[in-house]
Each structure stands twice: as structure tokens, then as C-alpha cells.
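If you read the protein sequences in the order shown, they are chains A and B. To convert, count from 1 in the first sequence and add 31; that's our numbering. To convert, count from 1 in the second sequence and add 90; that's our numbering.
Treat the hints with care, as some may be off.
What the hints assert, rightly or not - As a list, the in silico DSS-like pairs of lysine-lysine whose alpha-carbon atoms are at most 27 Å apart: (1) Lys197/B - Lys142/A; (2) Lys142/A - Lys277/B; (3) Lys142/A - Lys198/B; (4) Lys277/B - Lys198/B; (5) Lys277/B - Lys197/B.
These are computed hints drawn from the structure, not numbers from a lab.
Each chain, written out:
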Amino acid sequence: MSWLVSNWSQVSQYGLAHLWLSIPPIVLGFVLSVPLGWVANRFALTRGALLTIGGILYAIPSLPLFALLPSLIGTRILDPINVEIALTLYAVALMLRTTADGLAAVSGDVKLSATAVGFGAARRFFGVELPLAGPVLLAGLRVVSVSTVSLVTVGSVIGVNSLGYFFIDGYQRAFYTEVWVGIVGTVLIALVFDTLLVLLGRALMPWTRRGAGGRRRDALAQSRWAVLR
Amino acid sequence: MIEFRDVTKRFPDGTLAVSELSLVIPPRQVTVFVGSSGSGKTTILRMINRMVDPTSGTVAIDGVDVATREPVALRRSIGYVMQNSGLLPHRTVLDNIATVPLLRGEKKTEARARARALMDVVGLDGSLAERYPAQLSGGQQQRVGVARGLAVDPNILLMDEPFGAVDPLVRAELQTELKRLQHELDKTVVFVTHDIDEAFLLGDQVVLFKPGGIVAQAGRPAELLERPADAFVAEFIEAGRPRSILR
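Based on the sequences and whatever the hints tell you, model everything.
Structure, rendered in C-alpha cells:
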């Protein structure tokens, strides 16, 4: 505890850096997955191709990818942009399948009826399909968020510092208090992000709460009838 | 008036859904398309608002070929009600009813005010306005569907088996309600069903389809009942009678 107090300025500085390193890949991963998910569903060929590429991308270990990127895209070796690009790739790879599945699962009846009352293609996508895929997208985004917050720590190995620094430093010095500070801090950030996402989902998708309540009531009413019969 | 002239529809897989259909749907009346599944009745209905385009032949509304109309604008000018209501699950009752006025660019406050008035017209309690479709009963959802179909005061209302998924009591109630509404509103209604009783109850004109979108007989309900054109028509009507009571 005393270590934490005396090193608080460094811990909070790296904690903030951790936050800022995590946000862009999560946001970009989500945003990019939407058009890609749409393309994946649009054509039979692209679905297989995109989802396979996504799967392979995610299988590349993060450390070599961080180290390789500068030579591939010409960035400086210590530039945090390498970590950001790599983590965005992972986020897209993870999110793509969820987005594609979420969009594909939107009820055909609802899509048909939206077309029948005069939604154009773009309005139907953004006004009907995307919001209705929302709960699935949120579930995927929560996984991406946790995974990104955790992967950011690997950047510390190549000098892009975050709370990950403390478990590398603590491990090298066999000083486990420091390791624990890094781990607990990382988990806390992941929890904060997750809570924010859940709250955001509730605010943006009120029908899922009240709708679910309604369905539960219906189910309850039906089961009562079943008993009466 | 809606007119089909020599309309044929062949789907990409080769199925002939409609062949050489010529049919006139008179204005301000209820025309019911009835037939078993595979008779092409829904396909024919969907040609009116260009959800389906014919392979050959023309569909005309008041003398204007619908193929010359922009599909999205055309659909916004025609009411559409479907089975399981087809409501948007993520919008409240009020916003569902206001969907088409909003798509047409009307102001939100005006569209909602009209939606409220329409809830009254279709017999929905105002307290349901802020609910989501999943929180309504099947009958209530169907009423919202009808209100949405009427929201821009269209001349034509297309109804694709709208009461197919509700229980018999609610269905009877909705049928009576539709007759009352039609009496007040005087729309050109095209109604699709596979239930011959419903067809006779609601239709000023009934069109009975054979498989492949062929008209077996078209006329007033009394005509079909008294003078069935052939054995198919007679059998179809006979099959709709409540057998369990008679025997």
C-alpha cells in the first residue's frame, strides 16, 4: 500500500495512458466492423473470405505484430501508433463476426415490413437493422473492450507504457506488490469500460429493457394459462 | 382503381407465380384475394407497391403504370399492413404509427399528434402510446399496424393476412372493426387471406385464386356462393364451412 502511495503519480500517469491507448482501438474496431459486416453479409463469397481473414488476423500473436508493423507501414519503432493499429486490427477481427451475425439475425419480417412502408436501403440499414442488431453488437463490443484493455499491456514490452509496465518491472525485480498493482489496475479499467458500455446500451436501447420485461410478463401470463388448462 | 394487365411473374428459380393475370380492383371498396398458399395472392398484392415487379405486363393505379413510379415514394403513398403487424420492435407505439409521416419528412410534433389521433380511430387506449410492440397483445399490435397503414391517409390500403396470427375472438373483433373503419374512411382496400369466411365477411369483391395466380372466380360474395364457376370454387367454399358442427 505504501508503495502505491509513494508511486501514485507514476501509477496514475500510466493508468491514464492505458485508458487513452484502449479507447481508439475499441471505437475504431466497432466503427470499421459495421461496413465490413454489411459487406460480409451482402455477398456469399465475401462472408467466407472476410470472416476467415478475421480469424487468421486474431491468431497472430500481438508482440511480433507490434514489432513488425513499423517495417510494414513505415512508422517509427517506439511510436504508440504501432500498438494502436495492431489493437484496432484485433478489435475488427473480433468484432467482425459478431457484427455480421448480429445484422444477419435481424428478423426478415421486420426488414420486409420496413421496405413495404417506404424505408430506402440506407435508412433501413441505419434506422432499423443496425439498432435491432444492437444487443448483439453490444455483447461483442464488451468482449472487444476487455480484450483490448488487456492487450494494451503487451505494448509495455516494446516501450509503449501502460499499467503493463508495472508487471514487467515488478516481475524483473521480483517485487510482487508492483505486479499486483498492474493487474488490479488493468482489471479496474476493464470493469469501468464494461460498466460504461452496459449503461450506454441501456440508454441507447430502451426497448430491450422494457421489451424484455413485457416478454417476461407475457411468458408468465402464458404459463399461468397453461396451468389453468 | 388498380388494374392488372396481362401480368406474369416468374421467379428466378423458374416458378411461375402469376400467369397472364388481368384484373380490375374498383376504388373505395374492399377487394379480398383468397386462395391456398402458393396461389400467388401475396405476390400479386406486392406488385401494387412494387415490392415485386412483374416479369411482363403492367400494373396501373388510376391509369398510371407503377413501373414509372419511384418504388420508395410509391410505397410511402400506399398503406401496408402485414401479418404479425411488422412493427418496428425498437420504436414506441406512437413512433411506429408516425413512421411513414416521419419518413416523408414531416415534423415530429405534427406526426406524433396525428399518430395520437389515429390511436383513437383504431380503438387503442392513449396510455399505450409509449409502450414498445413487445409489450402489447397480438390484437393491440395489429391495431397499431392498421393505424400505421393509415398514417398518411393513403387512398390505397394493402393488407397481407393482417389477422392471420391472432386468436379467433380477437380476429372477429378486428374484422368488425375493419368493416366499421372502411365505412368511415372509404379506402381502396386490397386484403389477402386464405380464410374464405373472412373473405366473404369483409369483401365487396372476392377474387379466388388457383395455384399459379390464376383467377378461379371474381365477384361479389353472393355470386361465388350461389354460382361457383367450377368445381374448384365450390370445393374451396365447401372446405371453409365449420364441419365439426354440421356432422
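Hint by hint, here is what the structure shows:
1. Lys197/B - Lys142/A: 24 Å, holds
2. Lys142/A - Lys277/B: 26 Å, holds
3. Lys142/A - Lys198/B: Within the cut-off at roughly 23 Å; holds.
4. Lys277/B - Lys198/B: Within the cut-off at roughly 26 Å; holds.
5. Lys277/B - Lys197/B: It holds: about 25 Å lies between the C-alpha atoms, which stays within 27 Å.
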